[in-house]
Amino acid sequence: MITVAGKNVQPGDVGSYPSGSLEAGILSVMARSTEKYSYSSLEELRFKLRLRKETVAASNELARSGLRFAVFRDSACNPAYWTRTLDGGFRLKHGAEPAKAIRDIFTNGSSYATECATAMMIVFYGALLNVYGDRKFNEVFPRISLMNWRRLDRYLRGVGMIEKHPDYFPGDRRYFMNPDVDPLVPQWQGENVIDLGNRLYYGHGVGIQPAGGIIESLNRNRAEDADQSAYLMDGAGRPDFQSLAALAT
Amino acid sequence: MIDRRAGGNRLDSIRKRQGNSPCREYFKFLPEPASLELINDPELSFATFFILLPLVREKIPDENLSVRDRTAANLCGIIQNSKKANGDFLRPAYNESTHEALRWIFTTGADDDGLGEDFDHLLDIAAGILEKKYHDADILPKLVRMIFRRGKKGAYLHDLVWALYQSRDPKGLELAAEHLKSPNENEAELAQTLLHLKPQSNTPKARRKLYGSYLHWLEENSPYLYFTGENFNESSTPNACSVDLGAKYLYRKISHGTRRPATPLTEFEQNCLTCFANAPDEEKEFLAQFSQKMRAKDPAYWNRWIRYPLQRQIETAHHGGEGHI
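Chains as they are written, first to last, in the numbering used here: chain A, 1 to 249; chain B, 1001 to 1325.
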């Protein structure tokens, strides 16, 4: 069920999203759900739909960017915008413009190499850049630190926490756990992914695949005596949509 | 013969006093009997072996190396190559010589952590294998110290934390808890994160209190803890272990890895668990704690109490167990 300012709302009341579109799909799941999805305004709900759509678009874009996979110890970044930190993360250089620095990863991907968790944060920043535009983005995110979940901006802190939800949607950050990974390759202990809808996921290093393909990749990196398959965890990480929507106005 | 009057290994002392290059130079021009004796010396540290490894490969035939050195050299190659692996990596034989060589790599290499990315990567992987494959409890103190040293420097620590969680050993949690008392705020915060504790006021008094309450919690719940597999790759706040409330309610120790009891549950215990599963969620923790305490204090009363219908169990537990607690 969807409520806006305390009143029940049908998907058609939110906007004219074409049937089969990502937004229409999300609204349909929300409307059918036993969970009550409450918003203070239609703008807040539309912002959420837009950000989810841009998260999917940014995932597709990053998958095509040439961004390389590397373990944190071998990570690499464009020194024009970023400083590589001792733990393998990237910190926005003093004086560098946040919007340009994030856009550079998408347009100049081959200058960068990192693990799957960092790629997830790049996707969310890329999506927010598309939603906000350069000026607002620079204002909201003057300092950016990209690693995994350890130095998250307060609005993106929820992305770093996997929590159970009654429904999952395109644009969610999900996690495939590989409990029997061979300890020689801990980089395969799990795969962070973005749910793209249509049963597809984007994971940096494994590309865009259905769940079965990602599980297969992880299982190839299990210990020889493994008896447990990799699996998609019941949970998702999400940004603080409400605060991000409030900042957009 | 190695001259031991100065103590330790000559190659180690040259590396430590003069640096890597003089050590390599010395080794390069050393006649083979002496170089072989020094490199196979049980006292040699892994860091020295590591910086000399290209020369060792050039100079000494494999069959002349000790089992430790031969295994370690092989592991170094395998670990380096597995960095970019995607299912196509060579696995070592996980036998006792591998265990011994990994122990040597980690325990003698730990003091030189920070020597370089490749070296530190070897330590990370050695720790991971030692814990995931061998559940080696002896290295836990060094492993925990290394995690906090890296935390202080801002260096990469996720693989070491993963290794700590893979040990599935509450002893590792106890060692990490020591750092809750640290006067260094960042160190205390890292300990809180590792142990999945909510951020606390960071006064010395609050830290000591948190340490005390955590140890109390750990002592009470150790037999019922299971490791969840959560880690920093997946979450900013991994909850590495949880209490199996059903096991606590039944006063049954479980495996920290598989979450299974050592012996199968009896039919009576299974019925008790079914009854416990029907308890309201907000009562489960309280009920499990009451049951565990009562079983330890008064087994005879507990035997009667556990047979009560669920509602009566909850009521009597809330009234202190009919005067038994």
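Careful: at least some of the hints might be erroneous.
From the derived model, a few chain B residues whose C-beta atoms are all more than 12 Å from chain A [unchecked claim]: (1) Q1018; (2) V1067; (3) R1070; (4) I1079; (5) K1083; (6) K1133; (7) S1182; (8) Q1200; (9) G1212; (10) T1266; (11) Q1289; (12) A1296.
No more than 27 Å apart at the CA atoms, straight line, and that leaves these computed lysine-lysine pairs for BS3-like [unchecked claim]: (13) K164/A with K36/A; (14) K1171/B with K1152/B; (15) K36/A with K93/A; (16) K1153/B with K93/A; (17) K93/A with K1152/B; (18) K1059/B with K1028/B; (19) K1209/B with K1142/B; (20) K164/A with K1152/B; (21) K1016/B with K1084/B; (22) K1084/B with K1133/B; (23) K1028/B with K164/A; (24) K1205/B with K1153/B.
If you want the footprint, here are the derived chain B segments under chain A, 3+ residues with CB under 8 Å [stated by the list, open to error]: (25) 1086-1100; (26) 1103-1114; (27) 1119-1127.
These aren't lab readings, by the way, just hints derived from the structure by calculation.
None of these values were measured; they are calculated from a predicted model.
Heads up, the beta-carbon is just placed ideally off N, CA and C, and yes, glycines get one too.
Practice task
Tell me, in ascending order, the numbers of any earlier hints that this structure violates.
Solution key: 4, 5, 6, 15, 20, 21, 23 and 26
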